[in-house]
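Visitor: What follows is the residue order along each chain.
Number of protein chains: 2
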Amino acid sequence: MKIERKASPALLPTPVVLLSVAGHDKEKPNIITLAWAGTVCSDPPMLSVAIRPTRHSHRLVDAAREFVVNVPRAEQLELVDLAGVWSGAEHDKFAELGLSASPASRVEAPLIDECPINIECVVRHQLALGAHDLYLAEIVAVQYDEGLLDGHGRVRTQRLAPIAYVEGEYWSLGERIGTYGAAAKASGRR
Amino acid sequence: MKIERKASPALLPTPVVLLSVAGHDKEKPNIITLAWAGTVCSDPPMLSVAIRPTRHSHRLVDAAREFVVNVPRAEQLELVDLAGVWSGAEHDKFAELGLSASPASRVEAPLIDECPINIECVVRHQLALGAHDLYLAEIVAVQYDEGLLDGHGRVRTQRLAPIAYVEGEYWSLGERIGTYGAAAKASGRR
Chain A
290 MKIERKASPA LLPTPVVLLS VAGHDKEKPN IITLAWAGTV CSDPPMLSVA
340 IRPTRHSHRL VDAAREFVVN VPRAEQLELV DLAGVWSGAE HDKFAELGLS
390 ASPASRVEAP LIDECPINIE CVVRHQLALG AHDLYLAEIV AVQYDEGLLD
440 GHGRVRTQRL APIAYVEGEY WSLGERIGTY GAAAKASGRR
Chain B
290 MKIERKASPA LLPTPVVLLS VAGHDKEKPN IITLAWAGTV CSDPPMLSVA
340 IRPTRHSHRL VDAAREFVVN VPRAEQLELV DLAGVWSGAE HDKFAELGLS
390 ASPASRVEAP LIDECPINIE CVVRHQLALG AHDLYLAEIV AVQYDEGLLD
440 GHGRVRTQRL APIAYVEGEY WSLGERIGTY GAAAKASGRR
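As you go down the protein sequences, you meet chains A and B in turn.
In terms of the numbering used here, the first sequence opens at residue 290 and continues consecutively.
In terms of the numbering used here, the second sequence opens at residue 290 and continues consecutively.
Next comes chain A alone, as it looks inside the complex (with noise of 0.2 Å):
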């Protein structure tokens, strides 16, 4: 038995990351906690990140169209939260949550040193959809924590600790459940 609700963002689980945004002009580089947000394409590799208009960081977006994406870990989880909830307009949100900024490599935007992954964007697309802007970006280099990669340059990902969004609450991941493909080649079908 299915009960309609009425039509919601309803999808998930989600990403929770840390976009971080050079500054305008004499302003401080911002951070933004950000759940909606996507991959769009494997070749070239982009993502999606929506950002309200009203927002201190889509100003700065717009004026760099550059960014980082930093992926936090579960322990992270309070400043994750703060650096949603509050305003770059009224927090040095870097001093304040104790981020490092660092340099990237492709982008003049920082990254958050202390998230195990950092993505590094140029915006090739942006569409004003209503309540958000959405950004379709270029991924252009990817930095990851050193021990986070195996010999052969793989993400270790039981190492991995990234946040879910789920219908405004944060969840940590569970366990491995499955590999792509492995249930179709255990089938014998193809």
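If you're looking for bench data, these hints aren't it; they were derived computationally from the structure.
Only a predicted model underlies this, so the values are computations on that prediction, with no experimental measurement involved.
Treat the hints with care, since some could be wrong.
All copies of an identical chain are treated as equivalent in the list; a pair is satisfied when it fits inside any one copy or across any two copies.
What the hints assert, rightly or not - DSSO-like, lysine-lysine: derived pairs with alpha carbons at most 30 Å apart: (1) K295 - K317; (2) K291 - K317; (3) K291 - K315; (4) K295 - K474; (5) K317 - K474.
Got chain A sorted already, so can you dock chain B onto it with the hints?
Guide: Below, chain B without anything else, positioned relative to chain A:
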């Protein structure tokens, strides 16, 4: 210490969903598993899905301009993997995976009755980004399994068991580690 790896779709975790779409002409409806999906706007509620132009479902979505995003349970992992690897050109996935195509409320695409959340979508924008085409779709209705909602129509998230995608692996969710805004409220600082 950071290590740079070549640009790749590094965002994580992303949602694992089953997209269902009506058949074109006399074809059967189809199902495709996607992890390149995301929320892109709150009002109107919208989501994105990225589909390779070579996929059978791509042609069906192009013809119908409507689809349903079905959120599966972790226990459905085997069929989720099969629906991603198999092609709708060779498999009647509803029949072969033992799934029930039920009528949706606002779109012609069928919903997958066995999935606890069914998000009915109408395509508003389409962008050719490269390996994937991106569809930005408005959410026009959402169906929930009866037992998922409490008396106020809110989702009982503890009863959900969605699947997350992390670097080619399927992961279960762990536990609720926080609620949006709670840390900011507890800090006493706005």
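Visitor: The structure should be examined with respect to each hint, and the outcome stated for every one.
Guide: So, going through the hints one by one against the coordinates:
In this assembly of identical chains, K295 and K317 lie within 30 Å of each other by CA distance solely across copies; the values are 29 Å between and 40 Å within a copy. Only between protomers do K291 and K317 lie at most 30 Å apart by alpha-carbon distance; the minimum there is 23 Å, versus 49 Å within a single protomer. Taking identical chains as interchangeable, the C-alpha atoms of K291 and K315 lie at most 30 Å apart only when they sit on different chains, with a minimum of 28 Å there against 54 Å within one chain. In this assembly of identical chains, K295 and K474 lie within 30 Å of each other by CA distance solely across copies; the values are 28 Å between and 39 Å within a copy.
Only between protomers do K317 and K474 lie at most 30 Å apart by alpha-carbon distance; the minimum there is 25 Å, versus 51 Å within a single protomer.
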